[in-house]
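Engineer: One-letter residues, chain by chain:
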Amino acid sequence: MGFKLEVVTPDRAFFSDEVDMVILRGIDGDFAVLKDRAPFITPLSIGQIRIKKDNKEMVAAMSGGYVSVTKEKTTVVTDSAEWPEEIDVERAEEAKKRAEKRLNGNKEGIDLLRAELAFRRAANRLEVAKKYKD
Amino acid sequence: MTESTRDIKRHIKGINSIKQITKAMELVASARLKRARDRMEKARPYYNTVYDSIMEVLNQVGNIDHPYLKVRDVKKSLYIVVTADRGLAGGFNSNINRLVESEIKDNKENVSLITVGTKARDYFRKREYNILSDLVGMTENPTFGHARSIANIALEAYRQEEVDEVKIVYTEFVSTITQKPKVIKLLPSDSLKADEKREKRAIVEFEPSSDEVLDYLIPKYIQSVVYGALIESSCSQQGARMTAMKNATDNAEEMIDDLQLTYNKARQAAITTEITEIVTGAEALK
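For the protein sequence lines, the chains are Y and F, in the order given. The opening position of the first sequence corresponds to residue 1 in the numbering used here, with each subsequent residue numbered one higher. The opening position of the second sequence corresponds to residue 1 in the numbering used here, with each subsequent residue numbered one higher.
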């Protein structure tokens, strides 16, 4: 038997079920959470959530957040999460182009940072959509 | 009878078309209220989770000197004022604006504002308040992105010590017919305090460190409180508008009933007069 995983975003409870393993992207790289992991809280960067259950793998795109592991359950909190089939590829392409334009536009400080984040979110969505969309 | 029957008829017609409009607006507001409430329900787990996580961290590390939690002497304040973009919602907008003014009192020069909705923007701009930023056109459909940008402006101002406290003024949604204007202090937060009495739970690891986790979590919490306030305000807005429009429709109906009675009386009087005239005329011919 696995452990309880919850993924919550501001507009919905994205996922809630018993799973065997979840692989997340932390600040320094990917890590996996298994059953009975010691309690743990860490921020997450833009990347994928890979959920393994009964030898099946489900993948979703997420845009940063944090994970909190407690004895009862593991909770992933993120600003947005999408299954591959929910990703609006056109919109992501456009966002990517927009961000690229901004990155090349010699902006400074916070605008540059924002453009970079937007670029990474869009690129991540496209990657997930391409790889896992049937 | 001061009004002729034709005038009364026209008056009834006029009120009837107003009634139709208010009735339509009532229905629209009630449909939107339902959508807004759904969204409020969906946002709740997120808010609760973020709050629980912060408490977990604070309970473990104790009350630390985090820049966002430190209490400073209050010289300058920042208010986030949440109203609507459109009127016809009873006292919804004016209640908020009045509450903000009574909070600020005569301290206008030490206060800056972030306004949400055209009603607050116009009101405070006219009175020459210092408006840091304004958001309009999204009050009926707030997203987390809106909340994030509002919260980030406030957090930045607080961190740079441009302001020493941040409060948000919005309308709490109690029920469809009751909404209450409310002020909450966002920074330094009242609700984020370690509970000294609570027994320590299992030791939690923080990656990379508890400070960095809090650096991430506290802004997230503030953003989610702002998001909650925006959503609740959008529910209240629709609720207030629905009630206001329902009252307007009821009033219109009452007026139509009254006028109908006056009309019938006037008509009756006219007929009576006419008959009397005919009878007198016939009598005179005999």
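Rather than coming from a laboratory, the hints here were simulated on the basis of the structure. Any given hint could be a false lead.
25 Å max Cα-Cα, derived DSS-like pairs, lysine-lysine [stated by the list, open to error]:
1) F:Lys-76 / Y:Lys-73
2) Y:Lys-52 / Y:Lys-101
3) F:Lys-182 / F:Lys-76
4) F:Lys-19 / F:Lys-105
5) Y:Lys-4 / F:Lys-42
6) F:Lys-19 / F:Lys-185
Far from chain F by the CB rule (all over 10 Å, computed), these chain Y residues [unchecked claim]:
7) Glu-6
8) Met-21
9) Arg-25
10) Leu-34
11) Arg-50
12) Asn-55
13) Glu-82
All C-beta atoms, glycine included, are put in the ideal place defined by N, C-alpha and C.
Engineer: With reference to the structure, classify each hint as holding or not holding.
Structural biologist: Evaluated hints:
With a C-alpha separation of about 42 Å, the suggested pairing of Lys-76 (chain F) with Lys-73 (chain Y) is violated against the 25 Å cut-off. For the suggested pair Lys-52 (chain Y) and Lys-101 (chain Y), the alpha carbons sit about 37 Å apart, so the restraint of at most 25 Å is broken. For the proposed pair Lys-182 (chain F) and Lys-76 (chain F), the alpha carbon gap of about 20 Å is at most 25 Å, so the pair holds. A C-alpha spacing of about 40 Å is found between Lys-19 (chain F) and Lys-105 (chain F), which places the hinted pair above 25 Å, so the restraint is violated.
Restraint check for Lys-4 (chain Y) and Lys-42 (chain F): the C-alpha separation of about 20 Å stays at or below 25 Å, so the hint holds. Under the criterion of a C-alpha separation no larger than 25 Å, the hint pairing Lys-19 (chain F) with Lys-185 (chain F) is inconsistent with the structure, at around 42 Å. A Cβ of chain F approaches the Cβ of Glu-6 (chain Y) within 10 Å, the least distance being about 8 Å, so the stated non-interface status is violated. No Cβ of chain F approaches the Cβ of Met-21 (chain Y) within 10 Å, the least distance being about 18 Å, so the stated non-interface status holds.
With a least CB separation of 13 Å from chain F, Arg-25 (chain Y) remains clear of the 10 Å interface cut-off, as annotated. With a least CB separation of 15 Å from chain F, Leu-34 (chain Y) remains clear of the 10 Å interface cut-off, as annotated. Listed as a non-interface residue, Arg-50 (chain Y) keeps its Cβ farther than 10 Å from every Cβ of chain F; the least gap is roughly 19 Å. Interface exclusion of Asn-55 (chain Y) from chain F stands, the closest Cβ pair being 29 Å apart, more than 10 Å.
Annotated as non-interface, Glu-82 (chain Y) keeps its C-beta farther than 10 Å from every C-beta of chain F; the closest such distance is 14 Å.
The structure shown violates the earlier hints numbered 1, 2, 4, 6 and 7.
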